[in-house]
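S.K.: Listed below, chain by chain, are the residues.
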Amino acid sequence: MKLFWRGSILFFGLIILWQGMVSFFQLPPYILPGPWSVFKTWYLQANLIAMEAIPTIIETILGLILGSLLGCLAALTMAFFRPLSLWILPILVISQAIPTFAIAPLLVIWFGYGMASKIVITIIMLFFPVTSAFYDGLRHTEQGWLDLAKTMQAKKWRVFWHIRIPAALPFLASGLRVATVFAPIGAVVGEWVGASKGLGFLMLNANARMQIDLMFAALFTIVIFSLLLYFIVNIILRLLIPWQKEIAKNS
Amino acid sequence: MPMQAPTVYIQNVNLAYNNETVFKNLSMTLESGKFTCLLGPSGVGKTSLLRLIANLVPNNGQFLGKIHCDNSFPIQQQISYMAQTDLLMPWLTALDNALVSFRLKGNVTKEDILKATELLIKVGLKDALNKYPQELSGGMRQRVALVRTLLQNKPIVLMDEPFSGLDAITRFQIQTLAADLLKNRTVLLITHDPIEAIRLADKVYILSGQPAVLSSPMSLITSKPRDPGDPEFITHQADLFHALTQASGNSL
Numbered sequence: 001m002k003l004f005w006r007g008s009i010l011f012f013g014l015i016i017l018w019q020g021m022v023s024f025f026q027l028p029p030y031i032l033p034g035p036w037s038v039f040k041t042w043y044l045q046a047n048l049i050a051m052e053a054i055p056t057i058i059e060t061i062l063g064l065i066l067g068s069l070l071g072c073l074a075a076l077t078m079a080f081f082r083p084l085s086l087w088i089l090p091i092l093v094i095s096q097a098i099p100t101f102a103i104a105p106l107l108v109i110w111f112g113y114g115m116a117s118k119i120v121i122t123i124i125m126l127f128f129p130v131t132s133a134f135y136d137g138l139r140h141t142e143q144g145w146l147d148l149a150k151t152m153q154a155k156k157w158r159v160f161w162h163i164r165i166p167a168a169l170p171f172l173a174s175g176l177r178v179a180t181v182f183a184p185i186g187a188v189v190g191e192w193v194g195a196s197k198g199l200g201f202l203m204l205n206a207n208a209r210m211q212i213d214l215m216f217a218a219l220f221t222i223v224i225f226s227l228l229l230y231f232i233v234n235i236i237l238r239l240l241i242p243w244q245k246e247i248a249k250n251s
Numbered sequence: 001m002p003m004q005a006p007t008v009y010i011q012n013v014n015l016a017y018n019n020e021t022v023f024k025n026l027s028m029t030l031e032s033g034k035f036t037c038l039l040g041p042s043g044v045g046k047t048s049l050l051r052l053i054a055n056l057v058p059n060n061g062q063f064l065g066k067i068h069c070d071n072s073f074p075i076q077q078q079i080s081y082m083a084q085t086d087l088l089m090p091w092l093t094a095l096d097n098a099l100v101s102f103r104l105k106g107n108v109t110k111e112d113i114l115k116a117t118e119l120l121i122k123v124g125l126k127d128a129l130n131k132y133p134q135e136l137s138g139g140m141r142q143r144v145a146l147v148r149t150l151l152q153n154k155p156i157v158l159m160d161e162p163f164s165g166l167d168a169i170t171r172f173q174i175q176t177l178a179a180d181l182l183k184n185r186t187v188l189l190i191t192h193d194p195i196e197a198i199r200l201a202d203k204v205y206i207l208s209g210q211p212a213v214l215s216s217p218m219s220l221i222t223s224k225p226r227d228p229g230d231p232e233f234i235t236h237q238a239d240l241f242h243a244l245t246q247a248s249g250n251s252l
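Top to bottom, those sequences are chains E and Z.
What the first sequence shows, in the numbering used here, is residues 1 to 251, in sequence order.
What the second sequence shows, in the numbering used here, is residues 1 to 252, in sequence order.
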């Protein structure tokens with residue numbers, strides 16, 4: 001409840017500040033429209049925005065799912081076949097040094113103007129945080145559990161399955177939270193670079209035509225969608241991995 | 001238990017960590033079916049000795065010597081281990097934690113579940129079977145760990161101060177349980193609590209010094225768990241406190 005009040009105060013405070021700036025500096029609507037006109041555009045153009053939101057949402061969610069799966073797979077491979085990590089990890093780090101924005105046009109050429117290129121960009125953006133968080137968790141299993149398993153003469157892959165993976169899931173969860181924040185950014189970046197659909201495309205178009213109110217309306221749609229997505233993912237993670245707090249306390 | 005609990009011989013073992021000697025030429029016998037307690041000042045190497053027997057020496061440890069049993073099986077296949085913390089896994093219920101050794105073998109049968117349930121009920125955890133460790137008190141968690149150890153059904157049990165984190169009354173209760181449930185197994189219990197040793201042990205050793213040496217054992221003969229009112233209890237308590245004070249080396 002406290003959070004709700006704090007959120008509301010923050011939200012309305014920023015709106016008032018925004019309106020204040022527009023009135024005080026007498027800003028014309030093609031520089032900065034007031035909150036009311038943005039809201040009006042949002043309402044009037046709801047159909048257009050909703051239509052453009054659908055591809056963005058699909059790209060984000062597919063990118064999030066595929067990127068997370070790939071990230072998990074990479075982490076599991078590296079943790080289970082330790083010598084392999086010496087080869088994979090540098091490649092991952094190098095791949096992160098390449099700015100996604102810079103290669104986005106190339107990816108559009110390779111994967112086309114459709115959704116595929118946006119999904120690929122999203123995957124590239126969120127793959128690494130998932131891998132590194134999960135890999136970290138897999139490497140730092142509490143020694144006591146491993147000792148216990150050793151005295152029980154457990155096989156390596158069973159220890160991996162029954163102890164190291166569940167113990168690493170809370171780490172994976174924090175990686176997934178970061179990924180959830182990145183995912184819509186990936187999709188929108190992809191749409192900026194080259195697309196015929198999507199909220200990123202709509203923003204770019206509106207910007208070019210000086211329809212700043214429409215641009216803001218699209219922007220707010222993205223923000224709301226991102227927050228909603230984060231909220232939902234967070235709830236799912238908490239339900240699926242209820243021992244997160246316990247592990248955090250130990251380490 | 002599939003067989004009579006073996007006697008464990010620890011012969012002339014040397015252990016060093018990063019070239020710093022913990023003990024040299026140490027020999028000790030854990031008698032078949034008896035409860036052996038090992039006391040001593042903290043940091044002297046009690047845990048190291050237990051981990052040596054459990055085959056848990058870390059990579060930076062150098063070990064020489066021989067540890068073997070009087071039957072023909074390798075010792076690693078005959079031990080179960082209880083650490084200072086309960087080592088319960090937060091993603092498993094009490095029942096599943098108790099069954100973890102079977103899960104790690106990849107084979108949990110109905111009989112195993114039945115046996116685990118029975119034992120958990122016997123130690124007073126009837127209402128906690130499906131609770132997670134986070135929801136249990138320290139004493140309850142340690143009882144789950146005890147059941148987990150028992151279900152492994154190994155003739156040798158190695159325990160490293162498993163009850164030290166519990167309050168006096170809970171510890172007293174769990175000692176009674178342990179004395180009953182670990183009967184006829186070859187047990188090594190490390191403890192810093194002389195009273196615990198006197199309640200449970202057939203033989204008490206003190207490890208002290210640097211490098212550490214073992215005292216000659218003190219034998220206790222009455223049946224366990226001993227009551228604090230037992231005359232043998234009181235005599236031995238005094239002896240043990242004196243011996244431990246001497247072992248700690250700093251007179252006040």
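Treat each hint with caution, since some may be false.
Claimed, not checked - Distance windows between CB atoms, simulated:
id, chain 1, residue 1, chain 2, residue 2, range
1, Z, Lys126, E, Lys245, 45 to 51 angstroms
2, Z, Gln134, E, Ser95, 36 to 42 angstroms
3, E, Val93, Z, Asp167, 23 to 29 angstroms
4, Z, Gly165, E, Ala102, 28 to 34 angstroms
5, Z, Lys122, E, Trp157, 29 to 35 angstroms
To be verified - Just a few of them, taken from the derived set where beta-carbon distance is under 10 angstroms, the chain E residues facing chain Z:
id, residue
6, Pro166
7, Ala167
8, Gly194
9, Ser196
10, Ala206
11, Arg238
To be clear, the hints were calculated from the coordinates, so they are not data collected in a lab.
Note that the structure is a prediction, hence the values are computed from the model and not measured.
Here a beta-carbon is modelled for each residue, glycine too, at the ideal position from N, C-alpha and C.
S.K.: So which of the earlier hints does this model not fit?
M.R.: 1, 3, 4, 8, 9, 10 and 11
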